[in-house]
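Student: Each protein sequence line maps, in turn, to chains P and B.
Be aware that the first sequence starts at 8, since it is given in the working numbering, and climbs by one per residue.
Be aware that the second sequence starts at 8, since it is given in the working numbering, and climbs by one per residue.
These are computed hints drawn from the structure, not numbers from a lab.
Where a beta carbon is used, it is the ideal one built from N, C-alpha and C, also for glycine.
Please note: incorrect hints may appear among the correct ones.
Claimed, not checked - Example chain P residues on the side facing chain B (calculated, C-beta under 7 Å, incomplete):
hint	residue
1	56
2	163
3	298
4	308
What the hints assert, rightly or not - Below, simulated DSS-like cross-link-like pairs (lysine-lysine); rule was C-alpha separation at most 30 Å, straight line:
hint	chain 1	residue 1	chain 2	residue 2
5	P	269	B	92
6	B	183	P	289
7	B	215	P	289
Listed below, chain by chain, are the residues.
2 protein chains.
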Amino acid sequence: MKSEFKRVLLKLDFTDVKAEKCAEIFATNSLEGIYSHGVYRFPRFVDYIKKGYVKVDAEPVRIHSAGALEQWNGNLGPGPLNAEKCTSRAMEIARETGIGCVAVKNTNHWMRGGIYGWQAAKKGFIFIGWTNTEKNMPAWGAEDARLGNNPMVFAVPFGKEAIVLDFSMTQFSYGKLEATEIEGDKLPFPGGFNEEGNLTTSPSEILKSRRPLPIGLWKGAGLSLLLDILATVLSAGLSTHKLSEQETEYGVSQVFMAIPIKKLSNFPAIENAISGIIEDLKKSTPDESGAEIRYPGERVLQNRADHLKNGIPVNQKVWEEIKRL
Amino acid sequence: MKSEFKRVLLKLDFTDVKAEKCAEIFATNSLEGIYSHGVYRFPRFVDYIKKGYVKVDAEPVRIHSAGALEQWNGNLGPGPLNAEKCTSRAMEIARETGIGCVAVKNTNHWMRGGIYGWQAAKKGFIFIGWTNTEKNMPAWGAEDARLGNNPMVFAVPFGKEAIVLDFSMTQFSYGKLEATEIEGDKLPFPGGFNEEGNLTTSPSEILKSRRPLPIGLWKGAGLSLLLDILATVLSAGLSTHKLSEQETEYGVSQVFMAIPIKKLSNFPAIENAISGIIEDLKKSTPDESGAEIRYPGERVLQNRADHLKNGIPVNQKVWEEIKRL
Numbered sequence: 008m009k010s011e012f013k014r015v016l017l018k019l020d021f022t023d024v025k026a027e028k029c030a031e032i033f034a035t036n037s038l039e040g041i042y043s044h045g046v047y048r049f050p051r052f053v054d055y056i057k058k059g060y061v062k063v064d065a066e067p068v069r070i071h072s073a074g075a076l077e078q079w080n081g082n083l084g085p086g087p088l089n090a091e092k093c094t095s096r097a098m099e100i101a102r103e104t105g106i107g108c109v110a111v112k113n114t115n116h117w118m119r120g121g122i123y124g125w126q127a128a129k130k131g132f133i134f135i136g137w138t139n140t141e142k143n144m145p146a147w148g149a150e151d152a153r154l155g156n157n158p159m160v161f162a163v164p165f166g167k168e169a170i171v172l173d174f175s176m177t178q179f180s181y182g183k184l185e186a187t188e189i190e191g192d193k194l195p196f197p198g199g200f201n202e203e204g205n206l207t208t209s210p211s212e213i214l215k216s217r218r219p220l221p222i223g224l225w226k227g228a229g230l231s232l233l234l235d236i237l238a239t240v241l242s243a244g245l246s247t248h249k250l251s252e253q254e255t256e257y258g259v260s261q262v263f264m265a266i267p268i269k270k271l272s273n274f275p276a277i278e279n280a281i282s283g284i285i286e287d288l289k290k291s292t293p294d295e296s297g298a299e300i301r302y303p304g305e306r307v308l309q310n311r312a313d314h315l316k317n318g319i320p321v322n323q324k325v326w327e328e329i330k331r332l
Numbered sequence: 008m009k010s011e012f013k014r015v016l017l018k019l020d021f022t023d024v025k026a027e028k029c030a031e032i033f034a035t036n037s038l039e040g041i042y043s044h045g046v047y048r049f050p051r052f053v054d055y056i057k058k059g060y061v062k063v064d065a066e067p068v069r070i071h072s073a074g075a076l077e078q079w080n081g082n083l084g085p086g087p088l089n090a091e092k093c094t095s096r097a098m099e100i101a102r103e104t105g106i107g108c109v110a111v112k113n114t115n116h117w118m119r120g121g122i123y124g125w126q127a128a129k130k131g132f133i134f135i136g137w138t139n140t141e142k143n144m145p146a147w148g149a150e151d152a153r154l155g156n157n158p159m160v161f162a163v164p165f166g167k168e169a170i171v172l173d174f175s176m177t178q179f180s181y182g183k184l185e186a187t188e189i190e191g192d193k194l195p196f197p198g199g200f201n202e203e204g205n206l207t208t209s210p211s212e213i214l215k216s217r218r219p220l221p222i223g224l225w226k227g228a229g230l231s232l233l234l235d236i237l238a239t240v241l242s243a244g245l246s247t248h249k250l251s252e253q254e255t256e257y258g259v260s261q262v263f264m265a266i267p268i269k270k271l272s273n274f275p276a277i278e279n280a281i282s283g284i285i286e287d288l289k290k291s292t293p294d295e296s297g298a299e300i301r302y303p304g305e306r307v308l309q310n311r312a313d314h315l316k317n318g319i320p321v322n323q324k325v326w327e328e329i330k331r332l
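Bound conformation, chain P alone:
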C-alpha cells in the first residue's frame, strides 16, 4: 500500500524523501484502522494537489518566535508533512524548555491527528494538538453550521507504545452518518437533530437537517469555538468562518504542544503511575453489552497487529481508483 501511495506521489513531483514520509503516514493510518483518513482519503488528497489547494513543494517556515512558543506558516504544503514537521519542532523546543508549542497557519488537512500523538508519545513526549476545520456543525441552539468539528488529540507515552485520544467535536462524523445510511442501520445513540428539532438516531434525517450533535451538547459546541479561537489566535491564521468563505477547505490553523516526560522530577516512576491508572480502569465492571473496557489507542494496537499479519482490508473500487492515479 505504501509503495503504491509513493508511486502516485512521485508522479505528482514529490521529492523521494517527502513521498516516502507522506506515503508512510497514509499507509499507517490505514494499517491502524483509520481507513477514512488513510486509503479512502488518498484520492481526495491527490485531487486537492491537482487543483492547487495543496502545494507539493511548499515548506513550512517559522515566522515568529516567542521563546517556547513559535508561529509558523505552512505555505499550503501537504497537511501530513507540515503536521509531522510541527510536531518534531514542538518536541525540539520542549527538549530545551520543558514545553514547546508550535502554531501553524496556512496548512492543510492533517488527515488523522492521532498519528502525530503517536509520533510524539513514542519518543517520550506528552502531546496536545488540534486543528480547525470549515463549518460543519451548528452552534448550540442554532440550525445552521457555523462551527467546525475541530479534531483534538491528547497523547502520553505508555511503555513502548502510547495512550492516544483523537476525537472531533461532532458525536458522529458525516462519514459515519453516510456509511450507516448505506448499510440501512440506525446510529447506536442519538447523533443529531432532525428537521423538526428532535434528537434522532436516523442518519438520513441528520444528513438532511445538517444538524449533527456536538459531543456533550452545549459543552462540545463551546469547546469547538474555543479551539477555533485558540488555533486562529496562536497561528495568526484563518478561523473556521474565514476558511468557509473559500470554495473548499484549505489553509487551516493548527496547534502542536509537546512535553518531554524525561524532564519531570517523577521520571521514570511515571510509567508505574500510568500503568496503575490503566489497571484500575480495566477492573471496571462491564455494562449490559459485556464488551471489553478499552483505553484510547488500545484498538489501534489490535488493528496494527491484525493487519500486519492478515493485511489491510480495502474497498476494491477505491483501490482500483488509486492504481489508476
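Based on the hints, put chain B in the right spot on chain P.
Tutor: Same frame as chain P, now just chain B:
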C-alpha cells in the same frame, strides 16, 4: 457576602490577606452565577478545614523546574488560593518564555475553575487548565465509577472581558441531578443510564444507578482518562484512583497553562480576529427554541451585571448556616 465569608475565614486563622483573597473568590463565583461553587459550597469548605483536609496556613512550593514547565506541591492548602497562585506563576513564566505551565500536586478543590480562566484572560493571557477529581463517572461500557468528572477550562481575552469555557466530563453534575429531582423535573436531554442500561432523562434513575453520561459518550470518557493521566504525570501527584482510596477527596492534581497574547506576532490584530469569530457565531439562525446563541462566558457577564445591581440570590437556610459559622 464577601465580608461574611472573610469573617468566617479569619475565625479559622486565615491571615488577613488570604482571608480577603479566598472570600473574594467565593463571593465572585456567586456574583457570576456559579452558586454551586460559591455560597453553597462554602460550608463544606469550612468543614474540610475543620477536619484537617484543607490546611489553612499551607503555602504551595515549587519542587522542580524544567524551564517553562514547573512542578509544585500544594501542601494541601486551600484549593482556591493554590489555584490562584499557580495561575499567576504560569503567567509569570509565560511572560519570559511565551508559554508557561505549572502542575501542582497535593492541592484541593479549586471550586469553580473558570475564575482562574477569567483571572488570566483579563490580564491578556490565553489559559488552559484542568483538575482531576475522585471517581464519579463510569468508563465507557462500564457500570462502576472509575473516572473523575475532571473539569477543564479554556479562556481567551475578549476586549476588556474574556471568553471562558468551564466544563466537566459529565453531561450533568450530581448537583444538577439532585436539584432536578427535588424540583420534580426531567432533564432536558438524556443524562445517564438507568439500572437497565437504557438512556434516561430521569434524575432519580441516574442517582440510583450512579451511571451519569460522559459528554460525547466514549469521547468524554476518554478525555477524562487522559486529563487524569496528564494531571498525575505532570504534577507527580495522585490520580483519580489513588484519590478515591482516601476517605474523601483531598490532595488533587491540577495543571495551569498560560500564553500572553502580547508576545504573538499578530498582536494587537488578535482582537479583531476574535470579534469576527463571535460576530459570525451571533449570525446563527436560532433553532425551534428561539433562544439567543451565546458564547461561553457571556452569561457570566449578564449575571455579574444583574447581581451587582439587584444583589445575589441566596437560599435563606444556607445563608443562616454561614452566619452561624
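Student: Each of the hints needs a verdict: does it hold here or not?
Tutor: Here is what the structure says about each hint:
Hint status for residue 56(P) relative to chain B: violated, with the closest Cβ pair at about 29 Å, above 7 Å. Annotation: interface hint on residue 163(P) holds; nearest CB of chain B at approximately 5 Å, less than 7 Å. Taken as an interface hint, residue 298(P) checks out: its beta carbon lies about 5 Å from the nearest beta carbon of chain B, inside 7 Å. Here the hint on residue 308(P) is broken, as its CB sits about 15 Å from the closest CB of chain B, past 7 Å.
For a cut-off of 30 Å, the pair hint linking residue 269(P) to residue 92(B) stands: about 26 Å separates their Cα positions. Of the pairs offered as hints, the one joining residue 183(B) and residue 289(P) holds, with about 29 Å between alpha carbons and a cut-off of 30 Å not exceeded. Among the hinted pairs, residue 215(B) with residue 289(P) is consistent with the structure: their alpha-carbon atoms are about 23 Å apart, no more than 30 Å.
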